[in-house]
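Using the hints, position chain Y against chain C.
One line per chain: the protein sequences are C and Y, in this order.
Just so you know, our numbering puts the end of the first sequence at 316, numbered straight through with nothing missing.
Just so you know, our numbering puts the end of the second sequence at 778, numbered straight through with nothing missing.
Bear in mind the hints are in silico, worked out from the structure with no lab data behind them.
Wrong hints could be hidden among the right ones.
Said to hold, decoys possible - In silico lysine-lysine, DSS-like type, Cα no more than 27 Å apart, as pairs:
hint, chain 1, residue 1, chain 2, residue 2
1, Y, Lys479, C, Lys266
2, C, Lys266, Y, Lys630
3, Y, Lys390, Y, Lys371
4, Y, Lys642, C, Lys82
5, Y, Lys642, Y, Lys707
6, Y, Lys663, C, Lys266
7, Y, Lys330, Y, Lys715
8, Y, Lys446, Y, Lys428
9, Y, Lys619, Y, Lys630
10, C, Lys82, Y, Lys629
11, Y, Lys642, C, Lys266
12, Y, Lys619, C, Lys82
13, Y, Lys619, C, Lys266
14, Y, Lys330, C, Lys82
15, Y, Lys756, Y, Lys566
16, Y, Lys390, Y, Lys330
17, Y, Lys630, Y, Lys715
18, C, Lys266, Y, Lys607
19, C, Lys266, Y, Lys615
20, Y, Lys371, Y, Lys333
21, Y, Lys539, C, Lys266
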Amino acid sequence: MSSAIQLESAIDKTTKASEDNIPSRIRTSVVSALRRAGSGLRAHSGVSTTLAGLFTIVILVASFFPWAVTHKDPYATDPVHMFQAPSAEHWFGTDQLGRDLFSRTIYGAHATVTAALLSLAIAVIGGLVIGIASAYVGGIVDTLLMRSVDVLLSIPGLLLSITIVTAIGFGTTPVAIAIGVASLPGFARTTRAQTLKIKNHAYVEAAIVSGVSPLRIVFSHILRNVLGPVSVLAMLEFGAVIMSVATLSFLGFGAKPPAAEWGSLINDGRNYLITSPWISLIPGFVVVLTVLAATVLANNLKRGER
Amino acid sequence: MTFISKTNDRRGRRYGRIFSAVASVIVVATLSACGSSGTADTASTEGTPQQGGTLRVFFNDNGECIDPSQAVNDSGPRSVVRNYVESLTDQDPDTGKLVPRLASDWQVSKDAKTYTFHIRQGITFSDGEKLDAAAVVKNIETYANTPSIAKVLSLTTLNKAETVDANTVKVTFSAPNLPFLNTTASTKFGIIAPKSLDIPAQQRCSGKGVYGTGPFTLEQYDPNTKTILKRRADYKPTSELAKHQGPAYLDTIEVSYTKELAVRVGSFTSGQVDAIYASTAAQFTQNDVTQIKAAGGSIQSISIPGQATNIYPNVAADKPLSDINVRKALSYAIDRATYASTVFRKDYPVISSIYDSTSEGLVKTPENTTYDPEQANALLDKAGWQKGQDGYRYKDGRKLTIVWFDYSKKVGQELLIDQLRKVGIDLQVEVNPSTSEVLARIKQGNYDFVTTPYNAKNDANVFDLIYNTKKPGYYSGIHSLTPEKYKEAQAILEKGDEGTSKEARLQQYEVFQHFIADNYAAIPLSERTQDLATSKQLHGVRFGAEATADFTDAWISR
Chain C
11 MSSAIQLESA IDKTTKASED NIPSRIRTSV VSALRRAGSG LRAHSGVSTT LAGLFTIVIL
71 VASFFPWAVT HKDPYATDPV HMFQAPSAEH WFGTDQLGRD LFSRTIYGAH ATVTAALLSL
131 AIAVIGGLVI GIASAYVGGI VDTLLMRSVD VLLSIPGLLL SITIVTAIGF GTTPVAIAIG
191 VASLPGFART TRAQTLKIKN HAYVEAAIVS GVSPLRIVFS HILRNVLGPV SVLAMLEFGA
251 VIMSVATLSF LGFGAKPPAA EWGSLINDGR NYLITSPWIS LIPGFVVVLT VLAATVLANN
311 LKRGER
Chain Y
221 MTFISKTNDR RGRRYGRIFS AVASVIVVAT LSACGSSGTA DTASTEGTPQ QGGTLRVFFN
281 DNGECIDPSQ AVNDSGPRSV VRNYVESLTD QDPDTGKLVP RLASDWQVSK DAKTYTFHIR
341 QGITFSDGEK LDAAAVVKNI ETYANTPSIA KVLSLTTLNK AETVDANTVK VTFSAPNLPF
401 LNTTASTKFG IIAPKSLDIP AQQRCSGKGV YGTGPFTLEQ YDPNTKTILK RRADYKPTSE
461 LAKHQGPAYL DTIEVSYTKE LAVRVGSFTS GQVDAIYAST AAQFTQNDVT QIKAAGGSIQ
521 SISIPGQATN IYPNVAADKP LSDINVRKAL SYAIDRATYA STVFRKDYPV ISSIYDSTSE
581 GLVKTPENTT YDPEQANALL DKAGWQKGQD GYRYKDGRKL TIVWFDYSKK VGQELLIDQL
641 RKVGIDLQVE VNPSTSEVLA RIKQGNYDFV TTPYNAKNDA NVFDLIYNTK KPGYYSGIHS
701 LTPEKYKEAQ AILEKGDEGT SKEARLQQYE VFQHFIADNY AAIPLSERTQ DLATSKQLHG
761 VRFGAEATAD FTDAWISR
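Bound conformation, chain C alone (with noise of 0.2 Å):
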């Protein structure tokens, strides 16, 4: 706190040499202003926490009941009434062929969410099956294992993600298997670390000493201690991973048209930026809010872990 005090008095005494120069004047302004924001935030994170939790639910019970949220349909075109700037009417405005951009939104949020967390369930389960058997068995399955694990570490995860679609085919479910076998590399090496750690604790030697079976050390007391690690993980990967749901489905590797995702929305928008910059704006922020409010939780999760 006190380092953030004397960098404001610094960037105060910045702002009074020049005057003049308006510009970085606003900037450092700005910067201060949201200086100040987040440590405020950070002062009474439970208001912080509140409000991404709240967020997080809205946006959970947008992407699994979609219907229930908007009324209007998000595929049905109304020429007369395009390009219209966000209203009472159209809470986000509409799109190049008319269509509800908040319905639009909402049912991108069942796409992208339900295919992030598709690719979540895929990595974390898959880094769990990997990381526990090359610690628990070690030797030579460890080392196998262990290295093709580094050998998908190597590559960056963005191209293996559009590797692996275009090898399988384009949609939401294909996007979403590639960003989890790209983020899988993440989950098996924490599940590893942590394995080996419980491995040697004296409750497991005593398990194995007393005859019981590997499976049954695995389920009930190596599985059982991994988690916690793995699901604060498995939160803070989550924000990356809608991130990376959006990329592809920018780039055209997510569903066909006319289904809405976050990431297709926001392309689409991009040809009228300066006529409607709605159309991918709002979108835009929905992601950036969504991304965030993930992240802000799975912060609060690690302190709790520590």
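Then chain Y, alone, in the frame of chain C:
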């Protein structure tokens, strides 16, 4: 590794673009607040032409080939060709009338088999060679000896091309061949220097050593960076369609290429370039027009003579579109006026035939372009497709799903999906950008309808490409008719090609159009235009017969 850097680079550019776009939102907002939308459409003919200057143009397509007879892709490359190479004749895009160009005069024999051209005297190619009868004969013979080119230029039935005297050429065919006369106006029939013809066809694509008689010379051609055309001071004017008789006004034309329309529009509005071309597969939308007009520019647009964007159904027995009632219903379910104003822009022409509106001999078939959803519903009921709970139609437990196979994602697809949904047709769009895979899949007939190909040609026989051909490149025509009907269509077109007078030929194409319309073998979807945006400094750009841009009269005001 190259792949990584390429992806990053592309993404980087995209983000940069988004950033600059956001920044210019403010600029445009300020501009439109001042109410400076402008009515610049008349600007192109005003004022006294000024000499000199460099014209910077952005095209959508580099075409990978700049040799006249091989540059068959539309817009970009052919517009470059038009400015450095000329043809025997020129064609008025408004009336379709042929006027002299390199040939000052020509005669056609009664049986339409012999054509005599009188070549203008005193014209030289830019490498110094003289244009004479021998040079023209060499052009015709070289083109006729390359099968792929001969087909495009209607030279397959060539008997011989010979010089009668130093400036007269006689061309004889084994069958009546009036389409040949129209192709002499095409950029594809550009007359190049005899020495250039000694270069193998493949190598001519680079433009190196290819010399024409045009108002500009090809200085540099690089598909990846830019093409530079330089003014030819000793140019002898040839076409009477040109607004002025003399060398060009511009010193230099710099052509660059970008596939992305938003980038071209952005470069135009920021004043980086003086003119931009729209792709013939993605015309300027209302959104682009707003930005172009806000920057003081104006739009020139012309319907491209030839095939319009039509729906070619697959009528194989197991496909839903094998039933003519379903094809009719499909046609009735399409609201073409809304399609034109939504997908393109407000003043965009509405399709009325399987040909674009500037084509010679088109017959309007209102029955095939009417929007009548009630009629569509009645026809589908009659055909046995009943509406189910979800609003889609079913027959014997099978959903009425129609697959539109295309090579790129377009706004029009989403609109059509919704229009057809209203009558209970489930339209699925499948996209594959690979040309070879598209061709292979169309050949297999693994689709319900396609909208390719669309081809520009200044002759009514453009449908030869898919309905009358021994070795087709596109199978969309073959799949759109049953084998017996396909033979009938072939016979009609053959008779049209062999007609010995224009009237007789056009009559035959009328029969053809009614045949296609009655069978719903091609369902008109949208008109195809060539759009060009010009800044308020640029004047005098002329559209040629096949919607290529001619910069002979163009000048830049300062």
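Results of checking the hints against the structure:
no., hint, verdict
1, Y:Lys479 / C:Lys266, "holds, 22 Å"
2, C:Lys266 / Y:Lys630, "holds, 11 Å"
3, Y:Lys390 / Y:Lys371, "holds, 20 Å"
4, Y:Lys642 / C:Lys82, "holds, 16 Å"
5, Y:Lys642 / Y:Lys707, "violated, 36 Å"
6, Y:Lys663 / C:Lys266, "holds, 23 Å"
7, Y:Lys330 / Y:Lys715, "holds, 16 Å"
8, Y:Lys446 / Y:Lys428, "holds, 15 Å"
9, Y:Lys619 / Y:Lys630, "holds, 25 Å"
10, C:Lys82 / Y:Lys629, "holds, 25 Å"
11, Y:Lys642 / C:Lys266, "holds, 19 Å"
12, Y:Lys619 / C:Lys82, "holds, 25 Å"
13, Y:Lys619 / C:Lys266, "holds, 19 Å"
14, Y:Lys330 / C:Lys82, "violated, 67 Å"
15, Y:Lys756 / Y:Lys566, "holds, 22 Å"
16, Y:Lys390 / Y:Lys330, "holds, 14 Å"
17, Y:Lys630 / Y:Lys715, "violated, 37 Å"
18, C:Lys266 / Y:Lys607, "holds, 24 Å"
19, C:Lys266 / Y:Lys615, "holds, 25 Å"
20, Y:Lys371 / Y:Lys333, "holds, 17 Å"
21, Y:Lys539 / C:Lys266, "holds, 22 Å"
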